Amino acid sequence: MTSVFLTGVFSLIFTWVLPIAIIIALVVLFKKVNRLEKKLDK
3 MTSVFLTGVF SLIFTWVLPI AIIIALVVLF KKVNRLEKKL DK
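The number in my numbering is simply the position in the sequence shown, starting from 1, with 2 added.
Simulated from the structure, these hints should not be mistaken for lab results.
Predicted model, so just to flag it, every value in this text is computed and none were measured.
It is possible that part of the hints are untrue.
[To be verified] Estimated spans, in silico, between C-beta atoms of each pair:
1) Phe16 <-> Asp43: 27 to 33 angstroms
2) Leu14 <-> Val35: 29 to 35 angstroms
3) Phe7 <-> Leu31: 34 to 40 angstroms
4) Lys40 <-> Phe7: 30 to 36 angstroms
5) Phe7 <-> Glu39: 46 to 52 angstroms
6) Arg37 <-> Thr9: 30 to 36 angstroms
7) Arg37 <-> Ser13: 34 to 40 angstroms
Every residue gets a Cβ at the ideal spot worked out from N, C-alpha and C, and that includes glycine.
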């Protein structure tokens, strides 16, 4: 386990895991907002 290998793993995590996590968070927020809007319409 060299530091170069670790930095490569971290860069992979930042380039793949972070965007996916952000997209999931946005989808969850969007669904919650939709539910609130439906409740307000009634």
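- Any hints this thing doesn't respect? Which numbers, in order? The structure breaks hints 1, 4, 6; every other hint is satisfied.
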